[in-house]
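Q: What follows is each chain in one-letter form.
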Amino acid sequence: DAEITQSPRHKITETGRQVTLACHQTWNHNNMFWYRQDLGHGLRLIHYSYGVHDTNKGEVSDGYSVSRSNTEDLPLTLESAASSQTSVYFCASSEPIPGTSAGTGELFFGEGSRLTVL
Amino acid sequence: SQQGEEDPQALSIQEGENATMNCSYKTSINNLQWYRQNSGRGLVHLILIRSNEREKHSGRLRVTLDTSKKSSSLLITASRAADTASYFCATDAWGGGGSQGNLIFGKGTKLSVKP
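Order-wise, the sequence lines are chains A and B.
Residues in the first sequence are numbered consecutively from 2, following the numbering used here.
Residues in the second sequence are numbered consecutively from 966, following the numbering used here.
Treat each hint with caution, since some may be false.
[Unchecked claim] Below are the DSBU-like pairs computed for lysine-lysine, each with C-alpha atoms no more than 30 Å apart in a straight line:
1) B/K1021 / B/K1079
2) B/K1034 / B/K1075
3) B/K991 / B/K1021
4) B/K1035 / B/K1021
5) B/K1035 / A/K12
6) B/K1021 / B/K1034
7) B/K1035 / B/K991
8) B/K991 / A/K58
9) A/K58 / B/K1079
If you are wondering where the hints come from, they were derived from the structure by calculation, not from laboratory data.
Only chain A is shown next, with the shape it has when bound in the complex (with noise of 0.2 Å):
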């Protein structure tokens, strides 16, 4: 069955290091995305993906980088943890609804990634 899987589920850094995580779909899907989520904020948009080579800010970009080399990975990277950067990671894929180019269709989240920086 298709899935999409993020490694690792938890990970505990501390301030001013690089952490990467990572996100493998193999739905074959143009689309993906990280979010993070927040208590009192819900999820935020981080980057997302059209395809390979394309990435994109969103809500929350800064302190963030993602790249897409292949269809099936992107990978979130923290440049230099901050403790304000502690959160839970989601990363999504989805198609367009099918017979139009235009609305996100259906996300496939992935079980989230808990990073916190000490």
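Starting from the structure of chain A, add chain B where the hints point.
A: Just chain B now, kept in the frame of chain A:
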């Protein structure tokens, strides 16, 4: 900024009762989606309703969309303890067609169904 806002923030009901959650949004949309999240898990898609649709059903779920009021509701009928979860509405970042949007989520409604 948040596009969708769910109401209420928390809802506690008895098994067998119906649960209604509301979502309001600010700008034109292509579609609106509802997701469910069990504690400690990823979000799972429940239902998608397009901007030209007014009502949609899926099993015990009923979703309505009122684009004139920029609001949607999710009704879960005959609730079960297993329905205990957080429910989120999500809307496209922009409407008007021609381009894919990306989803912007509300803060969610936490539903507790007591046996």
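Q: Taking the hints in turn, state whether each one holds.
A: A quick look at each hint next to the structure:
For a cut-off of 30 Å, the pair hint linking B/K1021 to B/K1079 stands: about 27 Å separates their Cα positions. Between B/K1034 and B/K1075 the CA atoms are separated by roughly 23 Å; this keeps the pair inside 30 Å, and the hint holds. For the given pair, B/K991 sits about 21 Å from B/K1021 by alpha-carbon distance, which is consistent with the 30 Å threshold. Restraint check: the Cα-Cα separation between B/K1035 and B/K1021 comes to about 16 Å, which is no more than 30 Å; the hinted pair holds.
A distance of roughly 40 Å separates the Cα atoms of B/K1035 and A/K12; the hinted pair therefore is violated under the 30 Å criterion. At most 30 Å may separate the alpha-carbon atoms for a hinted pair to count; B/K1021 and B/K1034 meet this at roughly 17 Å. Under the criterion of a C-alpha separation no larger than 30 Å, the hint pairing B/K1035 with B/K991 is consistent with the structure, at around 7 Å. In summary, the hint linking B/K991 to A/K58 is supported, as the alpha carbons are separated by about 21 Å, within the 30 Å threshold.
Restraint check: the Cα-Cα separation between A/K58 and B/K1079 comes to about 41 Å, which exceeds 30 Å; the hinted pair is violated.
When each numbered hint is compared with the structure, violations occur for hints 5 and 9.
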